[in-house]
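K.L.:
Sequence:
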Amino acid sequence: MKKIIFILTSVFITYSCKAQIIAVEDFENYNQELPDNAYIKDINNILDKYVGTWKGIYDSKSYEFKVIKVTENNTDLKYKEDLLLMRYKITDSSNNVIESTLNLSDTSNFIIRGNYLSNRGSYVLNYIGLNDECGQNGTIFISIYDTNNTKMKLYLEVDGEMGLDCTSGGVEQVLPTDWIDLTKQ
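Counting from 1, one number per residue, gives the positions in the sequence shown under this note's numbering.
Among the clues, some could well be false.
Below are the SDA-like pairs computed for lysine to any residue, each with C-alpha atoms no more than 25 Å apart in a straight line [as the list claims (entries may be wrong)]: (1) 89 <-> 122; (2) 41 <-> 120; (3) 55 <-> 174; (4) 151 <-> 53; (5) 66 <-> 91; (6) 69 <-> 79; (7) 153 <-> 90; (8) 184 <-> 149.
Just so you know, the hints here were simulated from the structure itself, not pulled from any lab data.
Please put together the full structure from these sequences, using the hints given.
P.N.:
This is how it looks when you write it as structure tokens:
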């Protein structure tokens with residue numbers, strides 16, 4: 001009898017643990033409330049192809065994006081997840097730095113944070129710019145488009161939400177508001 005109880009308990013514990021892991025590619029379609037201690041995990045290493053340094057030119061400006069994969073604990077919502085963080089440096093044609101987030105910590109609000117892997121194949125990130133109060137915010141879409149994982153497109157869909165502290169009106173967007181082609185370095 002003890003042996004049966006032990007086996008049933010082991011099966012139940014194993015099933016419970018497995019039920020708490022959600023693959024990143026399934027998260028967009030996950031229609032249930034996340035259980036406590038759930039883990040949105042990159043089981044199949046899908047996010048790895050985005051990791052690295054990417055460069056491209058848009059509107060006479062050079063863009064460098066550094067993408068890393070991290071596992072973050074969301075203590076408020078009681079789950080952890082694998083996601084991408086993106087930093088950037090923008091320079092003009094004379095190589096003067098227009099804006100850079102390369103030296104900011106992972107916890108900075110100005111680091112572009114991964115949100116989810118879209119069913120359409122793009123990875124979706126949340127963007128808060130240095131002038132967030134005046135409309136530099138939105139959603140970034142990145143998509144790998146070659147079989148060698150060395151070509152990526154990036155696009156910013158501007159939310160443009162403005163805070164009460166913005167007295168100057170909207171500011172110019174520093175990130176591309178049309179698709180930019182990037183090459184992995």
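K.L.:
Each hint needs a verdict: does it hold in this structure or not?
P.N.:
The hints, checked one at a time:
1. 89 <-> 122: 22 Å, holds
2. 41 <-> 120: 19 Å, holds
3. 55 <-> 174: 15 Å, holds
4. 151 <-> 53: With Cα atoms ~11 Å apart, residue 151 and residue 53 stay inside 25 Å; holds.
5. 66 <-> 91: Since the Cα atoms of residue 66 and residue 91 sit roughly 15 Å apart, the hinted pair holds (cutoff 25 Å).
6. 69 <-> 79: Holds. Residue 69 to residue 79 sits at ~17 Å (cutoff 25 Å).
7. 153 <-> 90: Measuring from Cα to Cα gives roughly 16 Å; hence the hint holds.
8. 184 <-> 149: The hint holds at about 8 Å.
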